[in-house]
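So the protein sequences, as listed, match chains C and Y. At position 245 of the first sequence (counting the first as 1) the number is 245 in UniProt numbering, and the numbers step up by one without a gap. At position 73 of the second sequence (counting the first as 1) the number is 73 in UniProt numbering, and the numbers step up by one without a gap.
FYI, nobody ran anything at the bench for these hints, they're computed from the structure. Hints may be right or wrong, so weigh each one.
Derived list of chain C stretches under chain Y, where covered just means 3 residues or more per stretch with a C-beta under 8 Å from a C-beta of chain Y [stated by the list, open to error]: (1) 20-29; (2) 117-130.
Listed below are the simulated DSS-like cross-link pairs for lysine-lysine, each with C-alpha atoms no more than 25 Å apart in a straight line [claimed, not checked]: (3) Y/K331 - C/K95; (4) C/K21 - Y/K39; (5) Y/K331 - C/K249; (6) Y/K193 - Y/K42; (7) C/K21 - Y/K193; (8) Y/K249 - C/K277; (9) C/K143 - Y/K39; (10) C/K95 - Y/K249.
Everything numeric in this text was worked out from a predicted model, so none of it was measured. Note that CB positions come from ideal geometry on N, CA and C, so glycine has one too.
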Amino acid sequence: MATMGSTVLHLPSGPTGVVGKLHPTVLFNICDSFIRRNDQQERVIGTLLGSFSVDGTVEIRNSYAVPHNESLDQVAVDIDYHRTMFELHQRVNAKEVIIGWYSTGSGVSASDALIQDFYGREVTNPIHLTVDTAFTDDQANIKAYVSTPLTLGDRPLAAQFHEIQLDLRLVEAERLGFDVLKMTVVDKLPSDLEGLEGTIERLQDMIDTISRYVDNVIEGQLPPDNAIGRYLADTIASVPRVNSDAFDKLFNDSVQDVLLVLYLANLTRTQLTLAEKLNTAAQIV
Amino acid sequence: MTTTSTPMRSFAQAASAEEIAVPSRVVQIDGLVALKIIKHCKECMPALVTGQLLGLDIGSILEVTNCFPFPSRGGEEEEEVEADGANYQLEMMRCLREVNVDNNTVGWYQSTYMGSFQTVELIETFLNYQENIKRCVCIIYDPLRSGQGVLALKALKLSDSFMELYRTQVFTGEKLREKNMTWKDIFEEIPVKISNSVLVSALMTELESDAPASQCDFDRLVLSTNPFMEKNLEFLIECMDDLSMEQQKFQYYYRNLSRQQVQQQSWLQKRRAENVARRLSGEELLPEEDPSNPIFKTLPEPSRLDSYLITNQIANYCGQVNGFAGQSLSKMYLMDAFHQD
Chain C
1 MATMGSTVLH
11 LPSGPTGVVG
21 KLHPTVLFNI
31 CDSFIRRNDQ
41 QERVIGTLLG
51 SFSVDGTVEI
61 RNSYAVPHNE
71 SLDQVAVDID
81 YHRTMFELHQ
91 RVNAKEVIIG
101 WYSTGSGVSA
111 SDALIQDFYG
121 REVTNPIHLT
131 VDTAFTDDQA
141 NIKAYVSTPL
151 TLGDRPLAAQ
161 FHEIQLDLRL
171 VEAERLGFDV
181 LKMTVVDKLP
191 SDLEGLEGTI
201 ERLQDMIDTI
211 SRYVDNVIEG
221 QLPPDNAIGR
231 YLADTIASVP
241 RVNSDAFDKL
251 FNDSVQDVLL
261 VLYLANLTRT
271 QLTLAEKLNT
281 AAQIV
Chain Y
1 MTTTSTPMRS
11 FAQAASAEEI
21 AVPSRVVQID
31 GLVALKIIKH
41 CKECMPALVT
51 GQLLGLDIGS
61 ILEVTNCFPF
71 PSRGGEEEEE
81 VEADGANYQL
91 EMMRCLREVN
101 VDNNTVGWYQ
111 STYMGSFQTV
121 ELIETFLNYQ
131 ENIKRCVCII
141 YDPLRSGQGV
151 LALKALKLSD
161 SFMELYRTQV
171 FTGEKLREKN
181 MTWKDIFEEI
191 PVKISNSVLV
201 SALMTELESD
211 APASQCDFDR
221 LVLSTNPFME
231 KNLEFLIECM
241 DDLSMEQQKF
251 QYYYRNLSRQ
261 QVQQQSWLQK
271 RRAENVARRL
281 SGEELLPEED
291 PSNPIFKTLP
301 EPSRLDSYLI
311 TNQIANYCGQ
321 VNGFAGQSLS
331 KMYLMDAFHQ
341 D
């Protein structure tokens, strides 16, 4: 993605060790701003907020869209808007700083160098994130780049974008549940017990898979793998070995404690309803 | 226009006969909003935070399409903070409008600690919002409970009857009996739906990790139930103390009232006796009432609002304990089954 000039070029050496960690809120934000874009615009750009950590990883935590105008030969970005939004966001969370910018659409285009340059004035090594909302390759393409300037002697020539490793940390999305996020409309949020049921089912599936694997290995259908075997042994050994009597006692005690608390809570609730009836029914005067 | 009330997951509200208010039956939240709320509340734990909800109000569905957090109050200078807050809000809304986000406030969200959110401030904030917006909703998110693997997000609004009552600022037993209001009627929970744009759902389907278990599952299967229960019970006991203090106030009031009545009776007796004597001696009769006498002053009945809120709180805690106990029992039986082999 570098535009070649004449003979002597200073190319960056060595891999860039930057790793990016992406939070799901950013993705959602980007998609939302893409959907809400003005009719004439083909793509949306915006600022990325996050934090740099000591070992070179960059956490991308938040983002906001910035209005811009793009035509064939020039790009205009609303800088005031960008500054204002940044200040507003700073007031909520002072730790999130500008770390780069994003754009929708696949690949990197010529005008990106200019925008990258602009963001380069805000932070030393801006990250450029592209989200392919058009699904050009039939898959979700989310890529992050860092740029290095190519100089010919003293004259800045172009900017080369290297792709960096991107780690999707979707922990928060998982909390909501991927099922909920995959559908366009979910009628109601799953209740506690349903969630627990799902988890236990998944646990059961996992155990089934493992037992089938072990059976297959014993019968000789699958080649035994030492690493997996050792891992399985470790896992099973981590179940604490308690002798039956002690375990029974422990179990019974815990069950009784929980039942006691449950009984108490229900008693309180009944008492409240009763008191309500008495309070409002009683007439002193 | 009237609509028939169909039983919903929680309290359904029959439509009022006026044309203005069709009650919101469902709150439809965008996945984006839910994620943002979760992120903001989790980041600022253990401080409690609030934020504004933006969206559209269509028919019986209240759509929430975006949200933004409020900066946390420093608490040093009240007036500055107030002006800042309003400024922040205006700026934010203006900026969001430029990128075509719905500019319409539909409510606010707040994080809570173990479900202890029923306070008078909540009611006041509701009324503040209600003056400007016809239907507003408050979303409560509990980050601690969500650490247990449950998504503790719910949508609340004040019931209409309660709002009317609150405007009169009278909470005596009589009034409440008239309106037939119990402590359950203060807040109403509205069922929550989550919606996503097609783009986002396509993206998520792609990105879903193939791991058979997620972090959420690990959180759910944790066996140590004690800390959560302990905290819940602690709060419950505190609330009980508050409730008993309220009860004492009532007892005091009733005692005073009955004592006053006894005094009134005895005074009346004396007057009557005097009057009889005066009639016999032909003098003027003294009036049987004497408004200037302090024993005739009507005592104000203490407000029942606080006790209502506290009972609500207690019921909430009990509900939480209930749910949690059910879960822990299942987990323990699971452990038992494991051990059998």
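Here's how the hints hold up against the structure:
1. 20-29: Since three or more residues must qualify, the claim that chain Y covers the region 20-29 of chain C holds, with 6 doing so at under 8 Å.
2. 117-130: Violated - the region 117-130 of chain C has 0 residues with a Cβ nearer than 8 Å to chain Y, which falls short of three.
3. Y/K331 - C/K95: violated (39 Å)
4. C/K21 - Y/K39: Holds: C/K21 and Y/K39 sit about 15 Å apart, inside 25 Å.
5. Y/K331 - C/K249: Given pair Y/K331, C/K249 holds - Cα atoms ~16 Å apart, limit 25 Å.
6. Y/K193 - Y/K42: holds (22 Å)
7. C/K21 - Y/K193: Distance of about 29 Å is beyond 25 Å: violated.
8. Y/K249 - C/K277: holds (19 Å)
9. C/K143 - Y/K39: Distance ~23 Å between C/K143 and Y/K39 Cα, so the pair holds.
10. C/K95 - Y/K249: With a Cα-Cα distance of about 48 Å, the restraint between C/K95 and Y/K249 is violated, given a limit of 25 Å.
The structure fails hints 2, 3, 7, 10 (numbered hints given earlier, in ascending order).
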